[in-house]
Amino acid sequence: MAEFFNTIAQYFSYPFVRYAFIVGILVALCSSLLGVTLVLKRFSFIGDGLAHAAFGALAVATVLGVNQTMLLVLPFTVACAILLLGLGQNSKIKGDAAVAMISVGALAMGYLIMNVFSTGSNLSGDVCTTLFGSTSILTLSRVEVWLSVAMSIVVIVVFLLFYNKIFAVTFDESFATATGTRAKLYNMLIAVVTALVIVLAMNLVGSLLISALIIFPALSAMRVFKSFKSVVVCSTIVSVCCAALGLLFAIVFGTPVGSTIVAADILAFAIFWVIGRIRG
Amino acid sequence: MNLITVKDVSLGYEGRTVVEGLSFAVEQGDYLCIVGENGSGKSTLMKTLTGLRKPISGEIVFDPSLRPTEIGCLPQQTPVQRDFPASVREIVQSGCLNRCGLRPFYNKEEKALAEASMEKLGISSMAKRCYRELSGGQQQRVLLARALCATRKLLLLDEPTAGLDPVVTAEMYGLIAKLNRDGVAIMMISHDVAAAVKYSKHILHLSHRPLFFGTTADYKTSEVGQIYVPHGE
Numbered sequence: 000m001a002e003f004f005n006t007i008a009q010y011f012s013y014p015f016v017r018y019a020f021i022v023g024i025l026v027a028l029c030s031s032l033l034g035v036t037l038v039l040k041r042f043s044f045i046g047d048g049l050a051h052a053a054f055g056a057l058a059v060a061t062v063l064g065v066n067q068t069m070l071l072v073l074p075f076t077v078a079c080a081i082l083l084l085g086l087g088q089n090s091k092i093k094g095d096a097a098v099a100m101i102s103v104g105a106l107a108m109g110y111l112i113m114n115v116f117s118t119g120s121n122l123s124g125d126v127c128t129t130l131f132g133s134t135s136i137l138t139l140s141r142v143e144v145w146l147s148v149a150m151s152i153v154v155i156v157v158f159l160l161f162y163n164k165i166f167a168v169t170f171d172e173s174f175a176t177a178t179g180t181r182a183k184l185y186n187m188l189i190a191v192v193t194a195l196v197i198v199l200a201m202n203l204v205g206s207l208l209i210s211a212l213i214i215f216p217a218l219s220a221m222r223v224f225k226s227f228k229s230v231v232v233c234s235t236i237v238s239v240c241c242a243a244l245g246l247l248f249a250i251v252f253g254t255p256v257g258s259t260i261v262a263a264d265i266l267a268f269a270i271f272w273v274i275g276r277i278r279g
Numbered sequence: 000m001n002l003i004t005v006k007d008v009s010l011g012y013e014g015r016t017v018v019e020g021l022s023f024a025v026e027q028g029d030y031l032c033i034v035g036e037n038g039s040g041k042s043t044l045m046k047t048l049t050g051l052r053k054p055i056s057g058e059i060v061f062d063p064s065l066r067p068t069e070i071g072c073l074p075q076q077t078p079v080q081r082d083f084p085a086s087v088r089e090i091v092q093s094g095c096l097n098r099c100g101l102r103p104f105y106n107k108e109e110k111a112l113a114e115a116s117m118e119k120l121g122i123s124s125m126a127k128r129c130y131r132e133l134s135g136g137q138q139q140r141v142l143l144a145r146a147l148c149a150t151r152k153l154l155l156l157d158e159p160t161a162g163l164d165p166v167v168t169a170e171m172y173g174l175i176a177k178l179n180r181d182g183v184a185i186m187m188i189s190h191d192v193a194a195a196v197k198y199s200k201h202i203l204h205l206s207h208r209p210l211f212f213g214t215t216a217d218y219k220t221s222e223v224g225q226i227y228v229p230h231g232e
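Going down the list, the protein sequences come from chains A and S. Residue 0 is where the first sequence starts when you use numbering that gives the first Met the number 0, and the numbers rise one by one after that. Residue 0 is where the second sequence starts when you use numbering that gives the first Met the number 0, and the numbers rise one by one after that.
Hints listed in this document are in silico derivations from the structure and should not be mistaken for laboratory results.
Heads up, simulated DSSO-like pairs for lysine-lysine below, C-alpha to C-alpha not over 30 Å straight-line: (1) 183/A x 6/S; (2) 225/A x 127/S; (3) 40/A x 127/S; (4) 228/A x 107/S; (5) 177/S x 200/S; (6) 46/S x 183/A; (7) 40/A x 46/S.
Computed list of chain A residues with no C-beta within reach of chain S, every gap over 10 Å: (8) 17; (9) 44; (10) 150; (11) 248.
In this text, a Cβ means the ideal position worked out from N, Cα and C, and glycines have one as well.
Starting from the given sequences, assemble the full structure and let the hints guide the process.
As structure tokens, this is what we get:
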């Protein structure tokens, strides 16, 4: 056991491991905060959809040779999020279909563009990295870490300040609008923050596994807890613990980071499901 | 005094007119039932009054004492709500949101208001229970308590007894009548003409245009009323 802790201590002496830990936990925290709202709004798949949209944008940015890919990826993802969440309620193509359309469309176009205008020699490797985020969290720079910290603070502050409004809009949009809460505005806010989190999370688990980070902690918490507040709190705790455990495991045993974190989330869900069953 | 005056209004959505030539008024302490068949424009009227849609033409005037955000409404339940993890207290408190403005949290006064509303509807003992575990009738009481937090003057109810069994339906109508006696004006959309005639003071019968608007007593003897009101009422 002592040896195990020694190994971990040794790993933590490397800055890139510390960076990965900080960013991993922050991303887990943010995605679980939003996850509760998104799952309840029946937008579980928005994580997947937006991540694929971001992937498409990333492909274009890579081909165009843009240095700061974020500059292209972030606005595009935010635009897609607004399109889906903010305006999607009354449009002719309903929520799930719109998400699926953007998701599949952007993924296909992204891959097509990368394929036709290939810049690197290892195309499938590049695609795999973007989709599964296999190592990029271990190659974060100091700037990226600070960027993640800043984004997380924005997400947490927004969530805390608008907690009651987000609750009201999620639970009953018609009532909220009727009593003068600007539901559209808050939907827009949720959309923008979701896009921020997803772009952030792409570094950690890659675009394919972002949905898991959004869905699992929220669903786990909902098995056991019965008020909105307790579900939100529990979901963040579960998410942070799973991210920490998954990262530790991945670093020590050399497994892929994203998949390991998701495996931890699945395990947590199973445990909560059993607890929920026993409690009745 | 009229809380809401509707003057020659046309309603609709996506360029389609659903109701036209609509004029009526809701007085202080009134109990107005809006009846009519499916698709006759009842829900569109409700959505317009709560600000979800704009009228195509005509004018809706709110009394200066009644801000448009001060209408407590009870919309029909959505599938999202049925399995929503929220406590009764959290939901009732969310009715106070129109008092908060930009303030992020509820103050003492608003929390007290929520407790009082729960007391009034007899759901105080369920404050910590989870909404999705309640029966249909209990859920409606929770939503009614929430609406009461948002208003003291006017409640807008959309089929408040849909899906409830006869006993609970009667209880619900009793509760609504009690709130009305306490001075809250009620505007209720209903399929249930028999109940509408029994409890309301005024009736608006819609079928894309108003077939009848007047007192309930007049409705019973009117041409439309003769057809829709069950005999013996």
